[in-house]
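These are the residues of each chain, in order.
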Amino acid sequence: MTGQNDNGFTRIQCTVNGVPRSLFIDVRKSLLELLRQDLGLTGTKEGCGVGECGACSVLVDEVLVDSCIYLAVWVDGKAIRTVEGEARDGRLSPVQQAYVEEGAVQCGFCTPGFIMASTSFVEKHQGQEVSADQIRKGHAGNLCRCTGYQNILKAVEKSLKP
Amino acid sequence: MAQHNDANKVIGKSVIRTDAVAKVTGRAEYTEDMHRPGMLVAKYFRSTISHGRVTDIDTTAAVQHPGVEAVFTYKDVPQNVFATAGHPFSLDPHHKDIEDRLLLTGNIRCLGDEIAVVVAQDELTARQALQKIKVVCEPYPPLIRPEEIMAEGARQIHQGSPNIIGEHRYRCGEVEQGFAEADHIVEGDFTTAMVQHVHLENHIAHAYMDDMDRIVIVSSTQIPHIVRRIVSEALSFPLSKIRVIKPFIGGGFGNKQDVVVEPMVAFLTLQMSGRPVQINLSREECMLCTRNRHPFFLKVKTGVMQDGTMVARDMDVISLTGAYASHGHAIAAAGGAKQSALYPRTPARFHARTLYANIPTAGAMRAYGSPQILYALECATEDAARKIGMDSVAFRLKNIARQGDINPLSKEKIASCGLAECLEKGREFIDWDRKKREYAHHKTGPVRKGLGVACLAYASGTYPVCVEIAGARIVLNQDGMVHVMVGATEIGQGSDTVVAQMVAETLGIAYDHVRVVQAQDTDVTPFDTGAYASRQAYVVSNAVFRAASELKAKICRHAALMCGSDAADLDIVGGVVIDSKKSARVMALKDLAIDSYYHKERGGQLSAEVSYKTTSNAPVFGCTFVDIDVDIPLCKIKINRIINVHDSGVILNPVQAAGQVHGGTFMGIGAALFEEVLIDRETGYVYNNNLLDYKFPTFMDIPSLHHDFVETFEPTSGYGNKALGEPPVITPPPAIRNALLDATGVHINSLPLSPHVLFTHFTKNGLLKSRGEQHV
Ligand code: FES
Ligand code: FES
Chain A
1 MTGQNDNGFT
11 RIQCTVNGVP
21 RSLFIDVRKS
31 LLELLRQDLG
41 LTGTKEGCGV
51 GECGACSVLV
61 DEVLVDSCIY
71 LAVWVDGKAI
81 RTVEGEARDG
91 RLSPVQQAYV
101 EEGAVQCGFC
111 TPGFIMASTS
121 FVEKHQGQEV
131 SADQIRKGHA
141 GNLCRCTGYQ
151 NILKAVEKSL
161 KP
Chain B
1001 MAQHNDANKV
1011 IGKSVIRTDA
1021 VAKVTGRAEY
1031 TEDMHRPGML
1041 VAKYFRSTIS
1051 HGRVTDIDTT
1061 AAVQHPGVEA
1071 VFTYKDVPQN
1081 VFATAGHPFS
1091 LDPHHKDIED
1101 RLLLTGNIRC
1111 LGDEIAVVVA
1121 QDELTARQAL
1131 QKIKVVCEPY
1141 PPLIRPEEIM
1151 AEGARQIHQG
1161 SPNIIGEHRY
1171 RCGEVEQGFA
1181 EADHIVEGDF
1191 TTAMVQHVHL
1201 ENHIAHAYMD
1211 DMDRIVIVSS
1221 TQIPHIVRRI
1231 VSEALSFPLS
1241 KIRVIKPFIG
1251 GGFGNKQDVV
1261 VEPMVAFLTL
1271 QMSGRPVQIN
1281 LSREECMLCT
1291 RNRHPFFLKV
1301 KTGVMQDGTM
1311 VARDMDVISL
1321 TGAYASHGHA
1331 IAAAGGAKQS
1341 ALYPRTPARF
1351 HARTLYANIP
1361 TAGAMRAYGS
1371 PQILYALECA
1381 TEDAARKIGM
1391 DSVAFRLKNI
1401 ARQGDINPLS
1411 KEKIASCGLA
1421 ECLEKGREFI
1431 DWDRKKREYA
1441 HHKTGPVRKG
1451 LGVACLAYAS
1461 GTYPVCVEIA
1471 GARIVLNQDG
1481 MVHVMVGATE
1491 IGQGSDTVVA
1501 QMVAETLGIA
1511 YDHVRVVQAQ
1521 DTDVTPFDTG
1531 AYASRQAYVV
1541 SNAVFRAASE
1551 LKAKICRHAA
1561 LMCGSDAADL
1571 DIVGGVVIDS
1581 KKSARVMALK
1591 DLAIDSYYHK
1601 ERGGQLSAEV
1611 SYKTTSNAPV
1621 FGCTFVDIDV
1631 DIPLCKIKIN
1641 RIINVHDSGV
1651 ILNPVQAAGQ
1661 VHGGTFMGIG
1671 AALFEEVLID
1681 RETGYVYNNN
1691 LLDYKFPTFM
1701 DIPSLHHDFV
1711 ETFEPTSGYG
1721 NKALGEPPVI
1731 TPPPAIRNAL
1741 LDATGVHINS
1751 LPLSPHVLFT
1761 HFTKNGLLKS
1771 RGEQHV
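Residue numbers (the numbering used here), protein chains in the order written: chain A, 1 to 162; chain B, 1001 to 1776.
FYI, nobody ran anything at the bench for these hints, they're computed from the structure. Where is the CB? At the ideal position from N, CA and C, for every residue including glycine. Heads up, some of the hints might be wrong.
Only pairs whose alpha carbons sit at most 20 Å apart, straight line, appear in this in silico EDC-like list of lysine to aspartate or glutamate [what the hints assert, rightly or not]:
hint : chain 1 : residue 1 : chain 2 : residue 2
1    : A       : Lys124    : A       : Asp61
2    : A       : Lys154    : B       : Asp1708
3    : A       : Lys29     : B       : Asp1092
4    : A       : Lys154    : B       : Glu1123
5    : A       : Lys29     : A       : Asp76
6    : A       : Lys137    : B       : Asp1701
7    : A       : Lys154    : A       : Asp133
8    : B       : Lys1638   : A       : Glu101
9    : A       : Lys29     : B       : Glu1032
10   : B       : Lys1436   : B       : Asp1701
11   : B       : Lys1613   : B       : Asp1092
12   : B       : Lys1013   : A       : Glu101
13   : B       : Lys1636   : A       : Asp76
14   : A       : Lys161    : A       : Glu101
Sample of chain A residues at the chain B side, in silico, Cβ under 8 Å [unchecked claim]:
hint : residue
15   : Val100
16   : Thr147
17   : Asn151
Could you put the whole structure together from the sequences, leaning on the hints where they help?
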């Protein structure tokens, strides 16, 4: 870990949605708290705070993590992607677009986490033959109470198409 | 009803929901995202026993903990009891909800009951301070089971009021005669489990004062206007000085049709000189200490003729409302009414009682008592069909409601009913007849196959039990687009989107020229009682249709002023005012709008506002068909195929409607196979109030979900639509139970049908030896 300890605070370097950041942070904070409280990135949600629901999913060096149980200091030297960074130049990402078109969004509280889970899944499986069961398994860490997952499945299938 | 120009057709189109982009980009603001600088955090100190009394409480150390701003106990709160159920106010004093809550209590009635509250600078400090509160309790024996709650001399859970909080009966037709003449009488005892809503966003609210005497509450609620009234009652604070704001909300399913944390945050900001104070319940608190679905104990007796006619039905119900009344007996009453709606020609008698118990409080949950009642009813119907050896679908087709039937309880004629067509569609989809023959050969061996069906009737609101009032205000903007404010509460179900469709259709403008103001604010939003009872689209349609028609008339009158033609000849099509007599374009709406605002003499801001009371309540219908495998050694049910078919009148937006059906089917499957709040029968302890131990179905636990609609036209609504939000959750559990019976011949009359329940029954019925091996 870079940076020095100072009263339980430490300095870290990371990139957040492509922007390099140098941050002086409370070592006790979770990545979720860092994003929501310190960086104002409130798109990422908390549904349980203990790694059970996936609402807080973000990508750290392209790996999907539950940011509520990922310490903020661990992102030192790493790249974070959150839902706020996915739409660029006024255009939704293909995954976001597919969620909108397929009716995969209802209350929307699970949506930011699901968008990141699907983004990670789709990027990993681009151009491959993927079964519905693989999609289900790839999203098993994200809970949704509104959709029955049915239209989310359709949205992921759509985003896998070239 | 509306006469629509086809060019304006927006109803029935799967337009993109108004808030989809805000939600996929993370820009949609929920309550927690509207954090205020310097906001204090409040945390409850909760009981660790389920029944008893606090004899001593010491908060000294907690008060002194650095960072703690205040600690309040049950001794410090106003002593006026209030009711929390999100019902409209009742002018009839006999119809009031039970007032049994204080903000905090020294009388402990369930695990997690709220004894004190700590206000601190941050969450961690508040949690640390909670550990420094010392409390001494005198425990009482918990009352968990109906027999012990109703026993002679049982302690009153609320001193001074009986443990039976509600009881009613109804009778339709010649029930005794029916039983006397019946060829067969079939009886069964049924139970349903306590389940939880598990909306992804927990309960959260904050409050602050924006003046010396006004409270602003921001809350994740389904019922902003009702929250305002109940907070006013709980704090004896003037209603007009309370403002409730509802931002985006992360699901509710009825759990936020109750006033839960709002009175406390309002109380705390008053105590803290108007500083902002937030309560953000943890998942564990939310699952233990908000609301759940009432567990039911039901006895059903059915008289049936050899030709398949059901000639008598008797139902006796006990419902447990838990520690506090909340929606109380209204749940059993609303559920019980579905019997006569679904089988109106069968004489029936019904008796229900609702009891307090030292278990978590039950309240409103998607479909409000009907899942419990219809589980028992549709299992009993299946048992009756089997008794006389009749096909389950044919048996239902013979007995179900038809258009023109009179519901003997409400005395209303059923104006639209597509249930028979729903059954036909479902039967065809599941390939019922062929598979019935095929599966006859799969009733032995380790994996057995079965088919099941179940039907439902539901309502489109609460009238005549409660008032049904909706409000809409539509304003023509300077650029020719419109803003709409409705009291109808968007909670994820998509009501804003269908409201925009209704306005676009009636006004004759493009869907994306209609902006429905998302956040509700009781200072400005027209009155509506909120999102519950699947009422929203049905009830609001009558207000929106009238407001949009009125605005259209005003626009045409202004156009007539501008161009000298007769307003009666004018119409709006595709955002353009036309002369329908001459089939000629008159002017674009945006040119008219700017004139109405800025012409020095004529016009004004063109708007219309309607508050409308709906005095009808359209019944809706539906069914589930399911095809399952039962793995006997593993005691597991696998769903091969499942479909819900619904008659919900005109489908306003097929993609969104499908989403409602999928979500309901999913929740129904959860209740059928996995979900149960596990309560210790002796101590009232809850074992699984978290997402790891409560078996919330994941993506992998749920099969592909199919849906279909039978579109009828309901004359009592603005656009022919009826309710849809809640009904899909009702029928998957009885359909799955009936399929299990079909596959194995084993009657299991409880929920959920989880492996350990199947194991017990399979063992008892000789399908398994006691050590789990399968009999041949
Ligand atoms: S909030 Fe992180 S997994 Fe639920
Ligand atoms: S859309 Fe509400 S939880 Fe998924």
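Results for each hint:
1. Lys124/A x Asp61/A: holds, 13 Å
2. Lys154/A x Asp1708/B: Status holds; Cα separation ~17 Å.
3. Lys29/A x Asp1092/B: violated, 53 Å
4. Lys154/A x Glu1123/B: violated, 39 Å
5. Lys29/A x Asp76/A: holds, 13 Å
6. Lys137/A x Asp1701/B: Status holds; Cα separation ~10 Å.
7. Lys154/A x Asp133/A: Holds. Lys154/A to Asp133/A sits at ~12 Å (cutoff 20 Å).
8. Lys1638/B x Glu101/A: Status violated; Cα separation ~30 Å.
9. Lys29/A x Glu1032/B: holds, 17 Å
10. Lys1436/B x Asp1701/B: Distance ~26 Å between Lys1436/B and Asp1701/B Cα, so the pair is violated.
11. Lys1613/B x Asp1092/B: holds, 18 Å
12. Lys1013/B x Glu101/A: holds, 13 Å
13. Lys1636/B x Asp76/A: Violated. Lys1636/B to Asp76/A sits at ~46 Å, over the 20 Å cutoff.
14. Lys161/A x Glu101/A: holds, 14 Å
15. Val100: Holds, about 4 Å.
16. Thr147: holds, 6 Å
17. Asn151: holds, 6 Å
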